[in-house]
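A.B. asks: Take the two lone chains and join them into the complex the hints point to.
Heads up: the protein sequence lines correspond to chains C and E, in order.
When we follow this note's numbering, the leftmost residue of the first sequence carries the number 6, and every step to the right adds one.
When we follow this note's numbering, the leftmost residue of the second sequence carries the number 415, and every step to the right adds one.
Keep in mind that the hints were calculated from the coordinates and are not lab data.
Careful: at least some of the hints might be erroneous.
Said to hold, decoys possible - Taking lysine to any residue pairs in the SDA-like style, the calculated list, with each CA pair at most 25 Å apart, reads:
hint, chain 1, residue 1, chain 2, residue 2
1, E, K631, E, A641
2, E, K591, E, A630
3, E, K591, E, V465
4, E, K591, C, S28
5, E, K631, C, G26
6, E, K631, E, I664
7, E, K591, E, L622
8, E, K631, E, D468
9, E, K631, C, T21
10, E, K591, E, G462
11, E, K591, E, R638
12, E, K591, C, I27
13, E, K591, E, R572
14, E, K631, E, G593
15, E, K591, C, R29
16, E, K591, C, A25
17, E, K591, E, A467
18, E, K591, E, A458
19, E, K591, E, V464
20, E, K631, E, P619
21, E, K631, C, I27
22, E, K631, C, A25
23, E, K631, E, L612
24, E, K631, E, D470
25, E, K591, E, A623
26, E, K591, C, G26
27, E, K631, E, R606
28, E, K631, E, S605
29, E, K591, E, G625
30, E, K591, C, T21
31, E, K591, C, P30
32, E, K631, E, A643
33, E, K631, E, A614
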Amino acid sequence: MDVIAKHDRMKDVAHTLRIAGISRPADVTFSFEGTSLSAPEGENLAAALIACGIRRLGEGQDAARPRVALCMMGVCQQCLLRVDGRLAQACITPIRAGMVVTAA
Amino acid sequence: MMHDIAVLGGGPAGMAAATEAARRGARVVLLEESAAPGGQVYRAPPTGFVVPADADSRVGDALRAALRQSGAEIRPGCRVWGVGGGPLVPQGMAAAPFRLDALAPDGQSFAVEARALVLCTGTHERIIAFPGWTLPGVLGLAAATILLKAHGVLPGRRVVVAGAGPLLYAVAAKLLKAGAEVAAVVDLAHSREWVRALPALAARPDLLARGVAWRAKLLARGIRVMAGAQVSAAAGGEVLERARVGDTWIDCDALCVGHGLVPATEATRAFRAAHRYAAAEGGWVPVLDADQRCSVPFLYAAGDGAGVRGAAAAPASGRLAALAALHDLGMLPDHAAARAAPARDLARAARAGGAMARMMALRPELVQAIPPETVVCRCEGVTRAEIDAACADGAGDMNQMKQFTRCGMGPCQGRLCGETAAELVAMHCGGRERAGFATGRLPLRPVAMDALLGDFDYADIPVPNAAPI
Ligand SMILES: Cc1cc2nc3c(=O)[nH]c(=O)nc-3n(C[C@H](O)[C@@H](O)[C@H](O)COP(=O)(O)OP(=O)(O)OC[C@H]3O[C@@H](n4cnc5c(N)ncnc54)[C@H](O)[C@@H]3O)c2cc1C
Ligand code: FES
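Isolated chain E (complex conformation) (with noise of 0.2 Å):
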């Protein structure tokens, strides 16, 4: 069946865009990986776990919700690995609509085809890397709160929260209430950056008087709190045993740490979207007009993946999102109209929400503080030294660098290291839109070979006779 619209990714921002154009009478259908819609934030616990409600999930609720009535098809569990049509047909063939390639649950391969596709993949998490950051024990700070709050799993007893960003002190907060010993909240921006983020953060009284009531919190427990600061050092035999702040070893079992997020650009870089590098909205980003639309015609993207804005301006993008895509296929007449509610809401929550993206923003002095002999690859076991020399052998851009060193080759395609390398890149070449970035190659997530092939084996597959020479 051709749809009328695809949404990419069921977070916030795209279950807002399924219900917004499904509710307007669009034939929509949603791809999303987990079991369950709710993306990073608000994301559902397993099957069978009932979390008591706190005011994250009471939101992931409502758009959940709304989205089961808006009539879109919803195909959670599926991960999409693949897409096709739209630009990506070759010169001088027919026109094909937008085509993605997913997985089923059930391990079986299919795909959907739309008219126009709105992208929400969201972020994943930046971790500079630093000695010791490969001990079991050590995670992503952005990582905890899916432990913590979907998974209701404790990292450790004793844990060090480390980085940047309001997601320092929702960890820090969480962990405590759930029990556990915080050892220090070891934050990058110094206390003037919150400072200076203050008029910003008043947009959203709610989110601001949240992050008031955490912080007084840590402070009422005579938590350590180290603004300016961060972990330079990770120890321990088989597991993390402690963590250096400064000349100061701190003893803890588990080291939660996170620099911030990077868009997931996987999508738009396959479609071959124009990009831009902006550092304060978390790295590239596909370049879009006012309403969310890409370079491609009938391309959008939406939510922290067009670009870091924060949970509160996700929804409102993927609305402004949809009813672009609607008006284009001819299925909206008064645009002008429908639009103006979430461009207000958008600019509102883009205003806090920027500048806590500004905080997230990656601090190149961390990457070159990265000692020589560090991991940076974790998949390929290249290190700092390498990704040097290989810049100072003439690799001048990210493609080149992945030649020579692996950087990036391994199973998570640079998703961990990418940023570290293409900093250390940048150093070399004179700037990050220099360096670039590698090229957006399918699939788009991992899958296993197998699921790909079918049932048969390798001698099923049928290899052809060498021509000749």
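One chain only, chain C, in its complex shape (with noise of 0.2 Å):
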């Protein structure tokens, strides 16, 4: 299932999940299971994501217990996805331009 489409209702409001105020470096792109995406460089691979919209990272081994960031500190595997091959926690990943991200 595409996991973006699921998402177009946040896509709405996505924009405004970033909270104001804080100086962030310039955007890139990088890409989520095909879809290109921007966020600034450097920012935290959950939180890129989250602030595009996308909760849902993936179905995992049961839809019942999809992928998702929980604990933010690297120490649930939950968020378990694929950047450019490699299995990573999004949760300690940072945003690089380019970057492949895929379900896991």
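C.D. replies: In structure tokens form, the structure reads like this:
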């Protein structure tokens, strides 16, 4: 199933999820499940996906337990996905230009 | 190079410990997995981000600056996965110093050795399972502080904030300030618990004033604050749409929920230090003397990882641990004089921190209320009914329950489900002491196998010929 499509409802408001008053580096583009997205360079990947309206990060082994960012500190392992083919935790991965992110 | 003291963890406790020891002339190395020291409460924003300063960030910046000036070797971005030496040297072999194995930011594995080791590994969040807690949009309450403060991103537009302790009001206030709607604050504590905590909180008038200000702000904005209440279920399609409190369903697109903090004792367990169960301090904690010494010689623990006492107490306990290590290494002649100030600071801060920790202690009624079909172990998909069945079939402690059900065997190594599972086992076997904890195993933190093995492929691993039977 297309993970992005499920989040169209969130996407409308997504641009407002980044808190104002913080100075951030310029945006770079990266892709998630084949869709091109942009986020400030160096932003945390889990935070960037949330800000892009994507909170379901993959179906995992069982759609009843999808991949999500839960602890934001690298311990729960629920946010696993693939970054340029390698298994990674979204919550401790910074955004780099051209990064290819897929569900794990 | 042999260090005098290695410090594991760069939160307020670890930063203060390393600073104290290095200032007094010890060769100190500090290992921290984040890109910069700071820990959970003073987490530095990502490189290139400038977040407006507030009370917390100023304290964090001051601790970081003192650490930089102390002369301690700081190794951020290094995840420690293995421990060795010290008490782990097999009997009959020559004594060896403590050893920490870590992965550097470039993926290279390296080790540091030290004569004394101070563990400042902090806590992780306790989230007791409830129906719907696996829906995207549900995230931890402490996790929300990181998302909001370090990354500057809102978890949703209309948020329910639920659970226990001061982080509830901190998160709700931050959400409001950043322009989100707070649909409700659902506090497990009854108002009388807060009233009971007041005398202890008075030891920290600054924090008390901040808490009162948060509460006033919520009330002024007409936010629904529900005391003595809990979120009993979350529901939605692909993502969270509503949360249930009592008979009411509250529409929301995010639920920040946390039921307290659990000391991270992986390292003290791996070193086979003595532990005790102290619900009011967050759970299993290492047995310590008044100077943060563990039962293992030259091993110390400080900060919330040694028992939850809060961010204000963490630096004081870190300094006490560093001073004890220096003294035990023969590097500090006037220990009694040196320890007086941090001991006093710790006593004061621990009074307020302890009151907060008691409020965040595990509430068994939350575990009792979990319906049988609810998934407890998210990694392996183990339900409450399966854990209950294993206990009924004779699993008498955590290790046996784990063997029976696979609960806690997934990549989180039980950090997410462990508290719920242990409480379920305890209900059957007669208490948390009996239920025990799953044996401390390496790696301390999950690391990719290829990182440990280096660049070679599976096919390159030498397979010895099978021995004749
Ligand atoms: C997610 C979270 C958010 C929190 N937010 C707040 C808040 O906003 N306000 C507040 O008052 N309190 C907060 N707390 C409570 C917290 O426990 C503070 O009281 C304080 O941060 C404790 O300091 P510490 O030094 O004991 O531990 P921590 O600050 O938790 O620091 C421990 C450090 O050790 C590092 N570490 C652990 N294991 C390893 C390893 N194997 N390898 C390398 N590094 C390792 C971690 O990365 C971390 O930086 C939070 C707790 C959590 C879990
Ligand atoms: S959100 Fe828990 S490990 Fe990433």
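A.B. asks: Against each hint, give a clear statement of whether it holds in the structure.
C.D. replies: These are the hints, each one checked on the structure:
Distance check on the hinted pair: K631 of chain E and A641 of chain E sit about 17 Å apart at the alpha-carbon level, within 25 Å; holds. For the proposed pair K591 of chain E and A630 of chain E, the alpha carbon gap of about 13 Å is at most 25 Å, so the pair holds. Taking the CA atoms of K591 of chain E and V465 of chain E, the gap is near 14 Å; set against the 25 Å cutoff, the hint holds. For the hint linking K591 of chain E to S28 of chain C, the alpha-carbon distance of about 17 Å falls within 25 Å, and the restraint holds.
Taking the CA atoms of K631 of chain E and G26 of chain C, the gap is about 20 Å. The hint holds against a cut of 25 Å. At most 25 Å may separate the alpha-carbon atoms for a hinted pair to count; K631 of chain E and I664 of chain E meet this at roughly 21 Å. Among the hinted pairs, K591 of chain E with L622 of chain E is consistent with the structure: their alpha-carbon atoms are about 19 Å apart, no more than 25 Å. Note on K631 of chain E and D468 of chain E: the hinted pairing holds, with a Cα-Cα distance of about 17 Å set against a maximum of 25 Å.
At most 25 Å may separate the alpha-carbon atoms for a hinted pair to count; K631 of chain E and T21 of chain C meet this at roughly 22 Å. Restraint check for K591 of chain E and G462 of chain E: the C-alpha separation of about 23 Å stays at or below 25 Å, so the hint holds. Note on K591 of chain E and R638 of chain E: the hinted pairing holds, with a Cα-Cα distance of about 16 Å set against a maximum of 25 Å. Of the supplied pair hints, the one linking K591 of chain E and I27 of chain C holds, its CA atoms being roughly 13 Å apart against a limit of 25 Å.
About 13 Å separates the Cα atoms of K591 of chain E and R572 of chain E, which keeps this hinted pair within 25 Å; it holds. For the suggested pair K631 of chain E and G593 of chain E, the alpha carbons sit about 13 Å apart, so the restraint of at most 25 Å is met. Under the criterion of a C-alpha separation no larger than 25 Å, the hint pairing K591 of chain E with R29 of chain C is consistent with the structure, at around 19 Å. With a C-alpha separation of about 10 Å, the suggested pair K591 of chain E and A25 of chain C falls inside the 25 Å cut-off, and the hint holds.
As the CA atoms of K591 of chain E and A467 of chain E are separated by approximately 14 Å, the hinted pair is consistent with the 25 Å bound. Of the supplied pair hints, the one linking K591 of chain E and A458 of chain E holds, its CA atoms being roughly 20 Å apart against a limit of 25 Å. Proximity of K591 of chain E to V464 of chain E is assessed by CA-CA distance (about 18 Å); at most 25 Å being required, the pair is judged to hold. For the hint linking K631 of chain E to P619 of chain E, the alpha-carbon distance of about 18 Å falls within 25 Å, and the restraint holds.
Between the alpha carbons of K631 of chain E and I27 of chain C the distance comes to roughly 22 Å, so the proposed pair stays at or under 25 Å and holds. Straight-line distance between C-alpha atoms of K631 of chain E and A25 of chain C comes to about 20 Å, which keeps the hinted pair within the 25 Å bound. Restraint check: the Cα-Cα separation between K631 of chain E and L612 of chain E comes to about 19 Å, which is no more than 25 Å; the hinted pair holds. Our distance criterion of 25 Å between C-alpha atoms is met by K631 of chain E and D470 of chain E, whose separation comes to about 19 Å.
A distance of roughly 18 Å separates the Cα atoms of K591 of chain E and A623 of chain E; the hinted pair therefore holds under the 25 Å criterion. Pair hint K591 of chain E plus G26 of chain C holds up; C-alpha atoms about 11 Å apart against a cutoff of 25 Å. A hinted pair counts as satisfied when its Cα atoms are at most 25 Å apart, and K631 of chain E with R606 of chain E qualifies at roughly 20 Å. Taking the CA atoms of K631 of chain E and S605 of chain E, the gap is near 17 Å; set against the 25 Å cutoff, the hint holds.
The hinted pair formed by K591 of chain E and G625 of chain E meets the criterion: a straight-line CA distance of about 15 Å does not exceed 25 Å. Annotation: proposed proximity of K591 of chain E to T21 of chain C holds, straight-line Cα distance about 14 Å (limit 25 Å). Restraint check for K591 of chain E and P30 of chain C: the C-alpha separation of about 23 Å stays at or below 25 Å, so the hint holds. Under the criterion of a C-alpha separation no larger than 25 Å, the hint pairing K631 of chain E with A643 of chain E is consistent with the structure, at around 20 Å.
Simply put, K631 of chain E and A614 of chain E have alpha-carbon atoms about 23 Å apart, close enough for the 25 Å limit, and the pair holds.
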